[in-house]
Amino acid sequence: MGQNRNEPYVVKDIAGKLGQGFLRNPLTAVLGIVILALGWIALTTMPREEDPQIAISGGGIIVAMPGATPLEVENIISKPLEKKLREIQGIQHVYSISQNNVGIVNVMYYIGENREDSNLKLYDKVMQNMDEMPKGVMQPLIKPFDIDIDVPILTFAFYQTPDSKLSLVQFNEKLRDLRYKINGIPNVAKTTLYGDHKEQFNVEVDMGKLSAYHLSMGQIMQAIKQLAVNVPEVKGKTKDKKIVMFGVSNAINGIEDIKRTMVANYMGSPIYLRDVAKVSNGIDKQNFQNVDFIFRANNDKSQPFSKTIPQVTLAVSKLAGTNAVFVAKDVLKMVEEHKEEFKKLGIEYTETRNYGERANHAVDELMHHLIITILIIAIMLVFALGWRESLIVTFSVPAILAITLFIAYMTGQTINRITLFAFLLSLGLLVDAAIIVIENIHRHLHSEGADKREMGEILIEATDEVGAPTNIATLAIIMTMVPMAFVGGMMGSFMKPIPYNVPVALFASLVVAYIFTPYLSLKLLKKPKANEHYDMENNPYGICEPCLNDEDKDEDKNNESNKKGEK
Amino acid sequence: MKKLENFVFWILQSKFRKAMIIILTIIAFFASLLMFPTKAVKARMLPGKSATTYSVYVDTPTGSSIEQTKKVTTCVTDILRKEKEILNMSTFYGQGIPLDYAGLVKGSAMKRTENVAEISVNLTPIHEREEPSFLMTSRLRPIIKSSCESIIPGTTIRMIEQPAGPPTLASIVLEVHGDNLKHIRKLSVEVANILANTKNLVDVDVMADDIYKKYKLIPDIEKIARSGLGIEQVNNILYLAFEGMAIATKNSANSSVQIPIFLVLSDKTKELSNQSADAIRSKLTSLNLMNKKGMMVPLTEVVNIVQVDSNPSIMHKDLERTINVTAETDNVSQVYPLLDAREKMMEYFKKDYNVETAPFSTYMFDLILTDKKTGEKFLLRWDGEMKVTLDTFRDLGAAFIAALVLIFFLLVIYYKSFALSGIILGGSFLSLIGVIVGHWVADQVTVNTFFLTATSLIGFIALMGISSRNSLLLIDFAMGLINEEGMEKKRAIAHASATRATPIFLTAIAIILGSALLASDPIFGGLGVALISGTVAAVFVSLLFVPVLMDNASALVKGKEEQ
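Sequence lines, in order, name chains A and B.
Everything in the first sequence is counted per the numbering used here, starting at 240 for the first residue and increasing by one.
Everything in the second sequence is counted per the numbering used here, starting at 43 for the first residue and increasing by one.
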C-alpha cells in the first residue's frame, strides 16, 4: 500500500500474470465465447439421469439339485461354494439361500468395484472349480447383477378395450412385434413383457374318463410325442443324378390333428384324445404371473377408476452411459406411431413409468433454481457494488459453470441431481473470487491518483494484489472437499459428484476471476473523474459512503482523542 | 463500520470482557451439542422424499396359492381406489414390478412363487398434490394392514417408498446369527415381536419361509420293484398330472414362438376335496401307471402318504446361518426406535441368556446372547440403513478430520505459526453451533421433523473452508496494519474487523442467498440449512470471537514481542 504509484507495477502473483496476458489479447473474447459454447454443448448432450450411477457389482450363482432338501443343499452346494467365493478379492458379503432342490449363492462386491472385472472374477472362480462339483447337480447358472440393464427406464401398460376383436393370443403377438421393433432402437438394452402369455395347445385330461377307459397319463404322453416330431428332410437322387428333396412333415398341423390322436384301443374300438381330454388352442394356463391394471381415463384425476382388467406391461431399459432422456423420447415416438393402428384393433396403453422424463424434469427444475440463484446474487451485487460490476460477476458464473460442466462431460460424468446440487453448493463460493477481484479493482479505480495512471495497469495491480490471499482461501475450501471423495459405501458413491465438481468449479472460479474480470473491467468500467475518488484513509472500500455522516465522523474524532488520552 | 470497530476495541480493552466472550462461546457450543442427547435435533442419514410412485408388497404365507394372494391384493386395491390422487395401479402376481431402485436390494427380481404380489401405484405429479407420498403411505399403512392382513393369516403387507438416496434392504435389519436352526427361528420371532411393539416401527417381517403342512408320497420300494415300475416314472406321472408339462412343440410360421403342446389333468378333475391325506389318497386311486408288461397299476398301491412339515430355506450371510428380521420406520429417524427396541431386547433376553454388548465399531449396537443352559452363542446384528448411516457418518467424520489437518498444514505453511492456524481452525469449528441451532429452528418451523442428515455434515465440512477464509482474510489484514502501517495491536485488530466486515457480510449474503433454494429440497435441505445458519454463526465468530483470540496471539506481530 505504501508503494509509489507512479512507478510501473511489478507483477508478483500468478493472478497478475494471467490478468496481464489476457487483458489486451483479442483472443480473450473468443476464449470466453468458446467456453460458453462448450458449456452449452455439454449441457445439451450430456447424459441426464435422476440419481447418479452407483457402481454396485455382484452376482448370483444358482445351482439346482433336484430332490435335495435344504439341509442337503446347504452341505453339498452352499457351504463349499461360499468358501470358494470368499477367496475372491473385493467381495464384501456372501449370502446364500438353500431351498428345496436349489441353492442360490449371492455375492456383493464393495461399492465402487469395477463391474466388468467383478463379473469376470466371479465367473472365473466358478469355472476354475468345476471339477469339485458334486454328483447329481446341474450346471451352475452364473447371473451377474446389471443395474443399468435391469432397471427399466420406461414402462407401458397395454390393455384391450371391451370391444376389441383380438384374441388374447393375437393381442400378445402384436405386443411382441412392437417389442421387437423397440429393440431395434439405438441404445435400447433389454425389453421385457410382464404378464404376457404365449400360444399353447392345452390338453386337459379328464381323470374320470382316464380311469374309465383304463388309461394312464403316460400313454397319452407317448401318443402325442410320437406324432409331433420335427425331422430334417432327406435327399434322394434320380437316375440322372438330380436331387429330389423329401421329408416327413410334423403330423400335427393344427388343433384338429391333436384331437384326432389315437391314444389306445379299448374293446376293439379306437380311443381318440378328444374322447378323454379337452383340447384347446389357448394360452399358457400354467403361467400364473399375470398383471392387472386399474386406471383413470387419460390420467385425469377427475375420472373414475376403471374396472380391474388384465394388462401386459412392456418395460424398456437402456444401455449404460447413454442418455435416458433421448432413449425415452425415441421409444415413445415408436410407440406413438403405433397408437392409431392399435386403437383400431382395440388396444390402448398408458405410460406407467418414464425415468427419462423424470430425469429431465429434475434437471430442468434445478437449472431453474440455479438461474434464480444467480439472478438473486446479481441483484444483491448491484446494490453492493454497482450494476457494471454486478454484470461482470454475473458473467463469470456461467463461464465457471460451463468450464466445470465441460470437464465433467469429458470425464464421463452425467448430469444428475447431485451434480446440480454440487453447482448450487459451489455457487455461493465461486462468486467470491470474482467479488474479491472486482472489489479491489473498484477500490483502486476510486483511489487517489488513479486518474493519472493507465487503466490497464491499475487493473493488473488490483488483480495481482489480492491474488495470494484469494489463492490460499480457495485452496482451503478445495481441501475441505477433497477428502470427501474417499468416503466409501453407497452414500459415498452417491455423493461423489460433490467432491468431483466443487473443487473444479472453485479452481475455474479463480482462473475466470483472474482472466475475465480485468478484461471485462477494461471494457465496461470507467475511471471516475478526479474529484470523485474515495477517501482511502477512512473508507477504503468506498461502500456506503452516505452512511458516513457527520455524526460518525464526530464520534471518530472523540474516539481518537480518547485513545490519546489513554496513552 | 466505525461503531463495530469501537465495539471490538471496547471488548479487547478489558480482560473480563474478553473472558466473557470466550465463556459465552463455549457455553453456546456445549448447549448446541446438548441438542443431540435431548433429541431437540434428530439425526438421520436421509429424510423421506416425495415421489410420484410407491409400491405395495404383498406376501401371503409360503405355500399359499395365487388365488389366495389375489384376494389380498384385491382388498388392497379396493382401499386404494378411494384415493383421489392415484392415477393408476398395476398388480403383478407371482413376480416383482419392473425393477426400480427400491426393489433392487429388496429382492424384488427374485420373486417367482404364487404367494407374492407387488402393486405399483402411480400418483399425480408432485406439484399438483398437497400430500407428499411418504405421508400418504404413512396414513394408508394402518388402514390397509388392519383390513387386509387378516384375510389370509400370516400375510405381511409392506408399503415401499422410493429411497431418497441409495437403496437399502430396509431401514432396520436385524440379523439373527447362530448355528442352531430351530433356535435362531425362535429368536427371530421373539425379536420380531419386540420390534412390532416398538413405537414408530412398521412393516416388521421375518425373512424366513413359514413352516406349513405338506404330504410326502413315500414310494414302497418293494412294491414298485414287483409291479415293474420305476421311481422316476412315478415322479414324472405325478408331475404331469398335477403341474403339467409341455411334452412336444410345433413350429409355426405365423407366431414368433414355438407352440408347445401342454398336457395336464383338467382343473376340475384334479381338484382335491380338502387338505387331508385321505383326499389325496382318493384322488390318486384313479391315477394309473402302466408297467412294462402293459398292466395298469393304481398309484396308491405303490406309495404311502405321510404328512410332514415343510423344510424352510436356510439362509447364510458370510458363511453363517442367519435369519433377517426387517422393519421400516414410519417417517421418523431409525436411530431412536432402534435404541428403544435394543433396550427392550436386553431386558427381555436377560432371563434366559447372558447378554453382552459389542465393542465400539459401526456394529456397536450388536448384542451377543449366550444361552444360560446350553452355552450356545447367538449374535443379534443391526444392519440395513443404520449400518450404512454409521459407516457414512464415520467416513464423513474421517473426511472432516482430514480436511482439518489439511487446512491446518496449509495455514501453518502460510503463516509459519501454530497459534494463528489454531485460531482459524478453532473459529471455523464453532460454526457447528450455527449448524445445530439452525436445524433446531428448521425443525420448529417445518411441519415434519427436520433431520440432521449426511448432507448437513457435507455442508458443515464446506463451512469449515468458508469460515476459515473469513478468519484468514481478517488476520492477513490485521497483520498488514500492524507490520506495515505500524498501528497499535488492539486498534489494528478492531480496525481490521470493521473493514473486513463488509466483504464478510457480502460473501455471507451470497452464500445464504445461494443456499436458500437448497433448503427447500428434501435431500439437500440439511445442506442448505447448515450453510445458511452456519454462515451466520461464522460471521459472529469471525468478527467477535476470532479478534479476542487474535489479541492473545503473539505471532500477529512479526519479530516483536507483545507490547
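Treat each hint with caution, since some may be false.
Unchecked claim - Dumping the calculated DSS-like pairs for lysine-lysine here, alpha-carbon to alpha-carbon at most 30 Å:
1) B:K419 to A:K464
2) A:K464 to B:K228
3) B:K325 to A:K498
4) B:K45 to A:K498
5) B:K113 to B:K334
6) A:K546 to B:K113
7) A:K448 to B:K393
8) A:K464 to B:K429
9) B:K312 to A:K437
10) B:K124 to A:K517
11) B:K224 to B:K91
12) B:K255 to A:K524
13) A:K318 to B:K113
14) A:K323 to B:K265
15) B:K334 to A:K517
16) A:K318 to A:K429
17) A:K364 to B:K255
18) A:K437 to A:K322
19) B:K312 to A:K524
20) B:K113 to A:K448
21) A:K546 to B:K124
22) B:K124 to A:K318
23) B:K393 to A:K517
24) A:K582 to B:K126
25) A:K323 to B:K419
26) B:K224 to A:K322
27) B:K241 to B:K335
28) A:K517 to B:K532
29) A:K498 to A:K540
30) A:K318 to B:K312
31) B:K228 to A:K568
Stated by the list, open to error - Here are some chain B residues the structure puts well away from chain A; computed CB gaps all over 10 Å:
32) M62
33) A151
34) I194
Keep in mind the hints are simulated off the structure, nothing from the lab.
Note that the Cβ used here is the ideal one computed from N, Cα and C, for glycine as well.
Structure-based check of all given hints:
1. B:K419 to A:K464: Outside the cut-off at roughly 57 Å; violated.
2. A:K464 to B:K228: 50 Å, violated
3. B:K325 to A:K498: Holds. B:K325 to A:K498 sits at ~26 Å (cutoff 30 Å).
4. B:K45 to A:K498: Judged against 30 Å, a Cα distance of about 105 Å means the pair is violated.
5. B:K113 to B:K334: Measuring from Cα to Cα gives roughly 46 Å; hence the hint is violated.
6. A:K546 to B:K113: Holds: A:K546 and B:K113 sit about 16 Å apart, inside 30 Å.
7. A:K448 to B:K393: Roughly 64 Å separates the two Cα atoms, so the pair is violated.
8. A:K464 to B:K429: 57 Å, violated
9. B:K312 to A:K437: Distance ~23 Å between B:K312 and A:K437 Cα, so the pair holds.
10. B:K124 to A:K517: Violated, at about 42 Å.
11. B:K224 to B:K91: 40 Å, violated
12. B:K255 to A:K524: 26 Å, holds
13. A:K318 to B:K113: Roughly 39 Å separates the two Cα atoms, so the pair is violated.
14. A:K323 to B:K265: Distance ~44 Å between A:K323 and B:K265 Cα, so the pair is violated.
15. B:K334 to A:K517: 28 Å, holds
16. A:K318 to A:K429: 34 Å, violated
17. A:K364 to B:K255: With Cα atoms ~39 Å apart, A:K364 and B:K255 exceed 30 Å; violated.
18. A:K437 to A:K322: 41 Å, violated
19. B:K312 to A:K524: Roughly 15 Å separates the two Cα atoms, so the pair holds.
20. B:K113 to A:K448: 33 Å, violated
21. A:K546 to B:K124: 13 Å, holds
22. B:K124 to A:K318: 50 Å, violated
23. B:K393 to A:K517: 64 Å, violated
24. A:K582 to B:K126: Roughly 28 Å between the alpha carbons, so the hint for A:K582 and B:K126 holds.
25. A:K323 to B:K419: At roughly 26 Å apart (the allowed maximum being 30 Å), B:K419 and A:K323 satisfy the hint.
26. B:K224 to A:K322: 24 Å, holds
27. B:K241 to B:K335: Given that 30 Å is the threshold and the Cα spacing comes to 70 Å, the pair is violated.
28. A:K517 to B:K532: 104 Å, violated
29. A:K498 to A:K540: This hinted pair is violated, its Cα atoms lying about 51 Å apart.
30. A:K318 to B:K312: Violated, at about 39 Å.
31. B:K228 to A:K568: With a Cα-Cα distance of about 53 Å, the restraint between B:K228 and A:K568 is violated, given a limit of 30 Å.
32. M62: 21 Å, holds
33. A151: The claim is violated: B:A151 sits with its nearest Cβ about 7 Å from chain A, within 10 Å.
34. I194: Label holds. Min Cβ-Cβ 16 Å, cutoff 10 Å.
Checked against the numbered hints above, the structure violates hints 1, 2, 4, 5, 7, 8, 10, 11, 13, 14, 16, 17, 18, 20, 22, 23, 27, 28, 29, 30, 31 and 33; every other hint is satisfied.
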